[in-house]
Amino acid sequence: MQDGLQAARRARWAVAAMFMANGFVMGAWAPQIPLLMPRHQVTESVLGLLILVLGIGAVSAMLFAGRLINRHGGRRVLSLFSLALVPVLPMVVFSPNLWVLALFMAVFGAMAGCMDVAMNAQAVEIERRLDRAIMSSSHGFWSLGGFVGGSAGSYVIAYWGSEVQSLMTAAVVAVLVLSAMPFLLPAAPVAQPEPEAGAQAVGIAHPQLFPRDFHVWLLGFLALFAMVPEGAVLDWAAIYLQKE
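Numbering (the working numbering), first residue to last: 59 to 302.
By construction, these hints were calculated from the structure, which means they are not laboratory data. Note that the structure is predicted; figures quoted are calculated from it, not measured. It is possible that some hints are incorrect.
Here are the in silico distance ranges between beta carbons for each label pair [stated by the list, open to error]: (1) H197 - I114: 20 to 30 Å; (2) P240 - S118: 27 to 37 Å; (3) F152 - S194: 12 to 22 Å; (4) V274 - G198: 50 to 60 Å; (5) A216 - E185: 18 to 28 Å.
No residue lacks a Cβ here, since even glycine has one placed at the ideal position from N, Cα and C.
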């Protein structure tokens, strides 16, 4: 019992590091956004479409993240997508043309979105083990990571350039992720109930991709409407500050 409690306490700080790593990437991404227009000779409308591609990649991947967690366990999924997030900012920055950039933007969104779902699921599991709330403080670590990533990233870009900033961001995120991975809770996959006789024939044996409960949809739309303005501020604030 005591060993389990100690493991949960270690996992609490491990998941905080994961939240900080995710926030650090998003914060470091913000000062890179205005540089995409002169680098690829695109207008603000095209940049808006590229940012939309990032969002579509994130939302599309989030639809399947829960299934992956149920099947493979939260620790494995979080470890996989947090490692996959490490190289995405350099991939975006070093994109040779607009089409490759659009592809890497979608990958960026997908990796960040799946990591987001997995680290929140890990935080929920830790809350259950510790019997106390940690979700608010975990998201506080995300904000802290975003602040540090944005501030430090802007400084590095000003003195050493965007390429160096993207590589340094990848290095910092790799250190955070690799340090946290061994201490995550090895939550077992969620067991699916056995289908009743004849259930396979009527098509109810498999879990649904989309929920049927109205309240789940309501919460989902509330989260979506909260994320849209947050993302708009993050993505366009750097351009606004550059102009003003």
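Do the hints match the structure? See the list:
Between H197 and I114 the beta carbon distance is about 24 Å. The supplied range of 20 to 30 Å therefore holds. At roughly 30 Å, the beta carbons of P240 and S118 sit within the given window of 27 to 37 Å. Separation of F152 from S194 is about 37 Å and departs from the stated range, judged on CB atoms against 12 to 22 Å. About 26 Å separates the C-beta atoms of V274 and G198, a value inconsistent with the hinted range of 50 to 60 Å.
Restraint check, A216 to E185: a C-beta distance of roughly 40 Å breaks the suggested window 18 to 28 Å.
This entry does not satisfy hints 3, 4, 5, going by the numbered hints stated previously.
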